[in-house]
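The hints should help you fit chain L onto chain U, whose structure is shown.
The lines below spell out each chain.
2 protein chains.
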Amino acid sequence: MLSANDILHLLLALGLLLGCGRALGELVRRLGQPPVLGELLAGIVLGPTVLGHLAPDVTAALFPPTGPIASAMGGISTIAIVLFLLVAGMEVDLSTMFRQGRNALGVGIASVFVPFVLGLGLALLLPGDLGRGAHAEPLTFALFVATALSISALPMIARTLMDLNLYRSDLGMLIVATAIFNDLVGWVVFALVISLMPGTETHRFPIGMTVLLTLAFAAVMLTVVRWIIHRILPWLQAHLSWPGGVLGFALTGTLFSAALTEWIGVHAIFGAFLFGVALGDSQHLRERTRSTIEQFVSFVFAPLFFAAIGLRVNFVQDCDWLLVGVVLVVSCVGKIFPSAFAARKAGMPLRQAYAVGAGLNSRGVMEIILGVLALQVGLIDGRMFVALVVMALVTSAMAGPLIQKLLRREKARRFTDFVGARSFIAELKALTREDAIRELAAVSGAEGVPLEKIAEQVIEREKVTATGIGRGIALPHARIEGLKAPQVALGISRAGLDFDSPDGEPTRLVALVLTPAEDMNSALELYRQIVGAFNDGAVREAVLKVKTYTELLAVLASLSRPAGH
Amino acid sequence: MLSANDILHLLLALGLLLGCGRALGELVRRLGQPPVLGELLAGIVLGPTVLGHLAPDVTAALFPPTGPIASAMGGISTIAIVLFLLVAGMEVDLSTMFRQGRNALGVGIASVFVPFVLGLGLALLLPGDLGRGAHAEPLTFALFVATALSISALPMIARTLMDLNLYRSDLGMLIVATAIFNDLVGWVVFALVISLMPGTETHRFPIGMTVLLTLAFAAVMLTVVRWIIHRILPWLQAHLSWPGGVLGFALTGTLFSAALTEWIGVHAIFGAFLFGVALGDSQHLRERTRSTIEQFVSFVFAPLFFAAIGLRVNFVQDCDWLLVGVVLVVSCVGKIFPSAFAARKAGMPLRQAYAVGAGLNSRGVMEIILGVLALQVGLIDGRMFVALVVMALVTSAMAGPLIQKLLRREKARRFTDFVGARSFIAELKALTREDAIRELAAVSGAEGVPLEKIAEQVIEREKVTATGIGRGIALPHARIEGLKAPQVALGISRAGLDFDSPDGEPTRLVALVLTPAEDMNSALELYRQIVGAFNDGAVREAVLKVKTYTELLAVLASLSRPAGH
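Protein chains in written order, with my numbering: chain U, 1 to 565; chain L, 1 to 565.
Bound conformation, chain U alone (with noise of 0.2 Å):
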């Protein structure tokens, strides 16, 4: 049992943890950089690398090595890495691996076995300088490395591509699938390896029933149980609280998965991920409880389990920079070209099949959580994790900007990265439909040409044809001569103006938009993203009401931006 004082401790961690690692998530975001770096860095700062090298004593009371306090957090990790795969597993989409076939197949085999062998001569040929475990024999630890490299990380691939609006092409499709078939295959191995290692207990089976326990496992998981959740999900949904029964349903099969692959001796999370494959296949799945147990997960469970990975491991003195960069050339070199290789003979343009090897190259959160098991294990040591934390955070914030420069693709700009707090007028003095040109054109931004050209021009143009599109929105527009970057300003009218729109309301809302005189794309795509924002009758009610810039951007981000990712 817990005492009084072990929950006041055990609070103050999990709140340190958490608040930390997702103040540093967010901040680490907005650099353009994935979340799981901020969170990882939350677990630096709080564990020996920072904050035990300066107050050993306020983290041996906070984060103690054994007693308690240290069972509850070990508890608590399990859980939410258990969760954290059941997510992972509930994003990986089996239909688009089959739609894609043939090509991902190769492409798969490719991207896996290459880097695989590379892994595995690599660590059977210099095993005392890869970083082995003490415990480790030295094939198993060669198997794992191999494992290691050879991974893709979905979830930061899919981000990738969407941020590059790529997920649905053909391209993206591919890129996907071959991820999907990476995973599966990935944790299929990994999880034989771990369960090749001597654990405290002896192994409850022999290697050989081990391994066919595990195929067995996976093969009645993404079939019989894929095709019983299915048949039972919209009973379930009938018949059960809703939508919380779902909810109770999915944990309750996670948990139980997990401790029959824990039981066969391969580790709980490839259970629970193998679950989530088979939950999250089912169209009768709905948004809501996909949605409410990817983000109670993602913000709550994974930033906990990232900031305590910190806790474990000294990053400045496990850092062995040669290792690093071993790691981090084999990882990349075997990745990308085997992948770009069999994508070219599945007969893609050059430059979309090393955009192939690229996004596949980037390893994620996967990596870091295999990284994790085989360090708790003993199969690595400190060195060799941070070598692969290192090249898993590498490889995936390499992977957008080589994809973007490969396909000379730009990317995606949201229209409010142009709408700043002094071009945003929550209050239109303006009567007419001049007078709000001009009042925006006033607070546009537009360097290096004078406000009043800016203005009459928009009102020309606006003679000609005006810009009201109905539902109350109004877009005036005008390419200009000089001006350096698309601007736009936005107002609400609260009297309403008269901007001719086709249904005869009043617009409320009026966004000037000014191109440059060159740029023939921008005014459209600013257009489309406008008009699409504002197309739910929901949020322009609720953007008619909003008195600050931090208000319009809040309900923007609210309510216009799509579940998930």
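Check each hint, because a few of them may be wrong.
Pairs involving identical chains hold if they fit within one copy or between any two copies, as the list cannot separate such chains.
What the hints assert, rightly or not - List time: in silico SDA-like cross-link candidates among lysine to any residue, alpha-carbon distance up to 25 Å:
(1) K547 x I469
(2) K463 x A517
(3) K463 x E518
(4) K453 x V464
(5) K484 x L373
(6) K463 x S95
(7) K463 x G504
(8) K547 x N535
(9) K547 x E287
Rather than coming from a laboratory, the hints here were simulated on the basis of the structure.
Treat the numbers as computed from the prediction; the structure is a model and nothing was measured.
Relative to chain U, chain L alone:
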């Protein structure tokens, strides 16, 4: 640290608690009882009362009383109860309380003060027989009994009132406002009583200081912190990831508040509760964040916590019927009559005044939580705990029927209660209005009236006024002589039928509504409900695709029911 075997047992234990808890919870819900009863039952089955009696080895392995697994379970339980109190706090609506003003204050004081004095006197006069814990001072124990008798269970009361369609009535608001007052006062007093117990550590502050700090903490949370949260939420929603950013913030705040009250010397849940009040009060908190927290806590953490309660107590051995009876009678008498008296004084009619008393009498989950904590710190023994649990369940189960009887209210019925598997046709064969009505009349399940006669009567009425109401819906209807209860038959036409809709759209959804000739109200209520259920375009679209009755229920349950409750 947890060994692989510990993890296996922990996962199994959690899976069993959650799975059985949810399954039994849903079962008793279908029997019209609160789910918490089923969740408690699950623990009783898995704990010493049943499974521990039949297979002590299994219980000992899965739910050991000490060691790493016990610590891990303790940690998870602590988080569960802290988050449960966060949600309970979020349901407190301070403005409702202030709006009811003097009335609520009068009833509130009467409904807290009288049972408090009664409990105090009783416990001081007969301490030996009331299940005082071994280490508890008589006065501390008496204060606890007094508090236990005087609280009310806000969430339970809100649900009962909603079931009776009374939530938004004056009566409902008065009950809710009073319950909020009871809740706040009850928790402050309970927090102080807990701090009086001798702990394993020496107290951090003298008791006077603890009282002062507790009151100061409550005051700061309900004013300054509430104001800050209200101010900061729009900024968080605008600048952090949506919707998870606010989630992380809410949980971090909860953990720190809980830690702070634990540090003051009152229980962690008090801080979590007050943070919930401060957070839930802000109108900037979006429904989506609210429901994500609520769903995950109510259907994952709460069942775990309540099922785990049954593991601690042998409900058969510790059942002292005399004590159960005394606690039950005193709590009912002490709550119902003073509340009714005060409500009467405030100018309420007699029956309504008693309804207020019956509503406030339900103790629900809060009582059980109070009991668990008191049992943990040794304030009460198992017998008193069982008596409190029984009292909580009985008073909660009584409230609904009692109010119903006093106000002669019928429980609100949904139109789906009238549509059965037999009276739903997923693909109408009919190509005309008349045939569709005949087809539906044939399955309508009306008893004692010839079906053809019903069809002809509906068709007659249809000739006078067409019942297509637009959006692809038609509601043919007739009041039938000799019919005993309202009947609804629902049919979907893939081809589309002509019901002379005002918008000219073909009708795809036909709901035949039959009501008894003498019943003037049901038809209107059913109309209102059916139109309401299909008001949402997404629901209409989803319904047109369903193939079975179960799928229909799933769509209606998942899309049309409001969040929460």
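> Going through the earlier hints one by one, which of them does the structure break, listed in rising order?
Replying inline: 5 and 6
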